[in-house]
Amino acid sequence: MRNGGIRMENIIVSMNHISKSFPGVKALDDVSFELREGEVMALLGENGAGKSTLMKVLSGVYTRDEGTLTIRGKEYGDLTPKLAREVGVAIIHQELNMCRDLTVAENMFLGREVMNGISLNNAQMDAEAKKYMDELGVDISPRQIVGDLPVSKQQMIEIAKALSVNAKILIMDEPTSALTSREIEELFRIIHKLKADGHGIVYISHRLEELSHIADRVTIMRDGQFIESGNFKDYTMDEIISLMVGREIKEKFPRIPAHRGEKVFEVKDLNAGRMVRDINFSLYAGEIVGFAGLMGAGRTETTRAIFGVDKKTSGRFFLDGKEIRIDKPFDAIKAGVVLAPEDRKKDGLCTKLSVRHNLALPNLDWICGAGGIVSAAKEEELCDKAVESLSIKTSGLEVDANTLSGGNQQKIVVGKWLARTSRVVIFDEPTRGIDVGAKVEIYHLMNQLKEQGIAVMFVSSEMPEILGFSDRIIVMCDGRITGELDAKNATQNEVLKLATAFESKLGV
Amino acid sequence: MKNEKKKRGLLEIRGLRAALTAFAGLIVIYVAFGLINTKVFSMQNIMNLLRSMSKYLLIGVGQSYVMITGNIDLSIGSVVGMSAMLTATLMTLGVAPILAIGASLLCGVVIGIVNGTLVGKFKLPPFIATLGTMFVARGVAYMVNGNRNTDNIGITLGKETADRFQNIFYYGKTLGLFNPFWIAFVIFLVFFFILSKTRSGRHIYAIGSNADAAKLSGVDVTATTIKAYLVSSFCAVIVGVILAAQAGMGNMDAGLSYEMYGVAASVIGGVSPLGGSGLLLGTFAGAALWQTLENGLNLIHAPVGIQRLAIGIIVVMAVLMDIFLRSGSARSTKKSD
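Protein chains in written order, with the numbering used here: chain A, 1 to 508; chain B, 1001 to 1337.
If you are wondering where the hints come from, they were derived from the structure by calculation, not from laboratory data. Backbone N, C-alpha and C fix where the C-beta goes; we use that ideal spot for every residue, glycine too. Be careful, since some hints might not be right.
[To be verified] Covered by chain B, per the in silico footprint, the following chain A stretches (three or more residues, Cβ under 8 Å):
1. 68-75
2. 231-243
3. 341-350
[Said to hold, decoys possible] Subject to a maximum C-alpha distance of 16 Å in a straight line, what follows is the list of computed EDC-like cross-link-like pairs (lysine to aspartate or glutamate):
4. B:Lys1121 - B:Asp1220
5. A:Lys497 - A:Asp486
6. B:Lys1197 - A:Glu379
7. A:Lys193 - A:Asp134
8. B:Lys1123 - B:Asp1253
9. B:Lys1121 - B:Asp1253
10. B:Lys1197 - A:Asp486
11. A:Lys26 - A:Glu183
12. A:Lys328 - B:Glu1294
13. A:Lys82 - A:Asp101
14. A:Lys263 - A:Asp278
15. A:Lys161 - A:Glu113
16. A:Lys334 - A:Asp365
17. A:Lys74 - A:Glu34
18. A:Lys153 - A:Asp101
19. A:Lys311 - B:Asp1212
20. A:Lys268 - A:Glu209
21. A:Lys334 - A:Glu323
22. A:Lys153 - A:Glu113
23. A:Lys393 - A:Asp223
24. A:Lys233 - A:Glu210
25. B:Lys1121 - A:Asp310
26. A:Lys153 - A:Asp134
27. A:Lys161 - A:Asp126
28. A:Lys233 - A:Glu209
29. A:Lys346 - B:Asp1253
30. B:Lys1039 - B:Glu1294
31. B:Lys1197 - A:Glu239
32. A:Lys328 - B:Asp1220
33. A:Lys263 - A:Glu210
34. A:Lys311 - B:Asp1220
35. A:Lys345 - B:Asp1212
36. A:Lys334 - B:Glu1294
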């Protein structure tokens, strides 16, 4: 199957004038797309631009309404997922699709098990799995249970699985969103290798800064339309962003001058397991404090411990100098300390409930009258205000929250707290996985809170955001606070140094 | 414009479409049987129908509450039996009916709290936790009167007291309809109101949709789970009392497999077995549909087996239809990026 000489100009995917409509929405409008052998094509656009829809057409999940589709020199009229797989198209999903309780080899050969008469030929499957792992240069045993492996390794297994079915076209949808920077480097090494072997890679990501390491060409989409395509190095970041958004974003991080006020909130001696150790810090009115660190530094755990979600072994909290008890989230909410959690789908939203019910949920204590009866008028007012002030794009309050785009879902997660008079608002990765436009809106929102004299704490794994948007930076590593920096003078190197200040004796 | 927006919003309320579909099905079945046998339309039959339906309605309301939290209560049928036996046994011993019912309610509350605590606090799979209490409650039902059905409830209290009890809970009428229907209907209305209009109702939906997110929004997941199981136990106890009144005695096997009838009524009415969605209005339609089917098949002298068979098919069809409707509407509303 392997081609001898790889020629860069070999086009392996060519999609021309593709259109696809869903009832009420034109998801793709005359889009053309091209992928060559041995290249990484970055497919960029805001959420809702049509990137995933286009890739679903390529992988046979959706049938196009119009346009032609040529894969490896052959035109396909009706492409089914099965046929797409057979001709070498593979998707590495953003949310990994694996059976967590099965082994690596069992997952790789799921549905095409090698048989030995009527019994499974495990030895051969293990050997084959090992072969592909070796080829990728990753150290994963075929007999390991997938669920025990970190996400980064699971991703490698998906890639290996794609190679094992002879995939030539790999579609990676936000592959780095859950990886640490070291794991990202590992992934990039593998992408370079796949490139060298002549695979074509479609790379979808919101993290523009990482593209310079891997992207050869770029295709930009907006509102279901093809905008531009060209060599990656011919564009500046700002050009790409303005093409994606369709408008100039003047300030990427609209930081407003800090008017640091009184001390609002203080955390003393907070301990909660290994990931939260001896945490002490204070938040001030009208100040945005960024919590930096690597993945697994204990920042999310810290927010959860403060908010009373997880049990803590010690810890005292002071609001305006007075000690408050927080044993469960409701205690924190009553005191005016609120948290917009990291994982929207898991912790932030009741996805099966309507927008209205989601917005009202934490505010039921005050929109309910006597006997706990919900006041429809108060609820309406609250929801209208949230939708308007955050410009949440929804076709109505009754639609299920999960029908909204990621950015709008995030606005609901944040918006449900704004109706309350909060003193402290904690954001955990507020801009993860949302598009540039929605990001700026979240920043503006945080600024509004800051101007109202609310103490804002936000956890972020994106260095530019931490450096560009916070007033003060607290860095964590391995469950401890390792340093505090004034954001104006802080550099990326300083933050990174603190973020990797592991205790040597632990040897982990 | 504003009006139009409101109207569209109403149909988008989760579960309303399924509930209305169940009502439509109910009407079709009712009319179809009526065309075969006009007795179906008689006032007498309608009254009987409403009376028989009361048990399914109560069981359905209880099971729906638990199902909307994303759980299930397998102990309902046994609690019905326990309540019937306990109420009847105490009455044969000369205890006043009101106290006998009180004692049954107390036992029901205990079972509800145990179920809710096991599931909500100790995170036992609801199937297992309530399987345990199912056996326990049935065991209690057997032991209460020494492993046999009770004598007539009037044996020591006298015929007059026994008759009054039986009239209040089964044979008597108020405003032209049998009392058990009113009892079930009032309880239905109360819980309908709580579920749709109050804070604790919202909490029930929220933990069924996403317990983690609900917790982070300040909802006490354990307390809410216990509340849901209390509702199902309460409803089961009332059904037990109704059965005792109907038979004039306690039957050890009363309420056998009622928990599954509750699941069926809920599911036919569009309550999601996965939690987070469903309306008690649907459960009402589900219970009525079932009873109408049973009643109609009886009147055309169909064998009992046919009833079970038909119910089985309808339950599966209802869920299948829901899946098709949902995937259809998901395709039309879901915006992909």
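A quick look at each hint next to the structure:
Proximity of the stretch 68-75 of chain A to chain B, defined as three or more residues with a beta carbon under 8 Å from a beta carbon of that chain, is not established by the 0 residues found. Given as covered by chain B, the stretch 231-243 of chain A fails the check, having 0 residues with a CB less than 8 Å from a CB of that chain where 3 are the minimum. Counting residues of the stretch 341-350 of chain A whose C-beta lies closer than 8 Å to any C-beta of chain B gives 6; at least three are required, and the coverage claim holds. A threshold of 16 Å between alpha carbons decides the hint, and for Lys1121 (chain B) with Asp1220 (chain B) the separation of about 10 Å falls inside it, so the pair holds.
Note on Lys497 (chain A) and Asp486 (chain A): the hinted pairing holds, with a Cα-Cα distance of about 15 Å set against a maximum of 16 Å. With a C-alpha separation of about 11 Å, the suggested pair Lys1197 (chain B) and Glu379 (chain A) falls inside the 16 Å cut-off, and the hint holds. Straight-line distance between C-alpha atoms of Lys193 (chain A) and Asp134 (chain A) comes to about 12 Å, which keeps the hinted pair within the 16 Å bound. In summary, the hint linking Lys1123 (chain B) to Asp1253 (chain B) is not supported, as the alpha carbons are separated by about 30 Å, beyond the 16 Å threshold.
A hinted pair counts as satisfied when its Cα atoms are at most 16 Å apart, and Lys1121 (chain B) with Asp1253 (chain B) does not qualify at roughly 31 Å. Between the alpha carbons of Lys1197 (chain B) and Asp486 (chain A) the distance comes to roughly 49 Å, so the proposed pair goes past 16 Å and is violated. Under the criterion of a C-alpha separation no larger than 16 Å, the hint pairing Lys26 (chain A) with Glu183 (chain A) is inconsistent with the structure, at around 37 Å. A hinted pair counts as satisfied when its Cα atoms are at most 16 Å apart, and Lys328 (chain A) with Glu1294 (chain B) does not qualify at roughly 49 Å.
Our distance criterion of 16 Å between C-alpha atoms is broken by Lys82 (chain A) and Asp101 (chain A), whose separation comes to about 25 Å. Proximity of Lys263 (chain A) to Asp278 (chain A) is assessed by CA-CA distance (about 20 Å); at most 16 Å being required, the pair is judged violated. Taking the CA atoms of Lys161 (chain A) and Glu113 (chain A), the gap is near 13 Å; set against the 16 Å cutoff, the hint holds. Annotation: proposed proximity of Lys334 (chain A) to Asp365 (chain A) holds, straight-line Cα distance about 9 Å (limit 16 Å).
Proximity of Lys74 (chain A) to Glu34 (chain A) is assessed by CA-CA distance (about 14 Å); at most 16 Å being required, the pair is judged to hold. A threshold of 16 Å between alpha carbons decides the hint, and for Lys153 (chain A) with Asp101 (chain A) the separation of about 15 Å falls inside it, so the pair holds. Restraint check for Lys311 (chain A) and Asp1212 (chain B): the C-alpha separation of about 15 Å stays at or below 16 Å, so the hint holds. Taking the CA atoms of Lys268 (chain A) and Glu209 (chain A), the gap is near 36 Å; set against the 16 Å cutoff, the hint is violated.
A hinted pair counts as satisfied when its Cα atoms are at most 16 Å apart, and Lys334 (chain A) with Glu323 (chain A) qualifies at roughly 14 Å. With a C-alpha separation of about 22 Å, the suggested pair Lys153 (chain A) and Glu113 (chain A) falls outside the 16 Å cut-off, and the hint is violated. For the hint linking Lys393 (chain A) to Asp223 (chain A), the alpha-carbon distance of about 14 Å falls within 16 Å, and the restraint holds. Between Lys233 (chain A) and Glu210 (chain A) the alpha-carbon distance is near 13 Å, which keeps this suggested pair within the 16 Å criterion.
With a C-alpha separation of about 14 Å, the suggested pairing of Lys1121 (chain B) with Asp310 (chain A) holds against the 16 Å cut-off. Annotation: proposed proximity of Lys153 (chain A) to Asp134 (chain A) holds, straight-line Cα distance about 13 Å (limit 16 Å). At roughly 12 Å between alpha-carbon atoms, Lys161 (chain A) and Asp126 (chain A) fall within 16 Å of each other, so this suggested pair holds. Taking the CA atoms of Lys233 (chain A) and Glu209 (chain A), the gap is near 13 Å; set against the 16 Å cutoff, the hint holds.
A distance of roughly 43 Å separates the Cα atoms of Lys346 (chain A) and Asp1253 (chain B); the hinted pair therefore is violated under the 16 Å criterion. At most 16 Å may separate the alpha-carbon atoms for a hinted pair to count; Lys1039 (chain B) and Glu1294 (chain B) meet this at roughly 14 Å. Proposed proximity of Lys1197 (chain B) and Glu239 (chain A) is contradicted: the alpha carbons are some 51 Å apart, above 16 Å. Annotation: proposed proximity of Lys328 (chain A) to Asp1220 (chain B) holds, straight-line Cα distance about 8 Å (limit 16 Å).
Pair hint Lys263 (chain A) plus Glu210 (chain A) does not hold up; C-alpha atoms about 38 Å apart against a cutoff of 16 Å. A C-alpha spacing of about 15 Å is found between Lys311 (chain A) and Asp1220 (chain B), which places the hinted pair at or below 16 Å, so the restraint holds. Straight-line distance between C-alpha atoms of Lys345 (chain A) and Asp1212 (chain B) comes to about 10 Å, which keeps the hinted pair within the 16 Å bound. Between Lys334 (chain A) and Glu1294 (chain B), the direct Cα distance comes to roughly 52 Å. Violation of the 16 Å bound is thereby established for this hinted pair.
This entry does not satisfy hints 1, 2, 8, 9, 10, 11, 12, 13, 14, 20, 22, 29, 31, 33, 36, going by the numbered hints stated previously.
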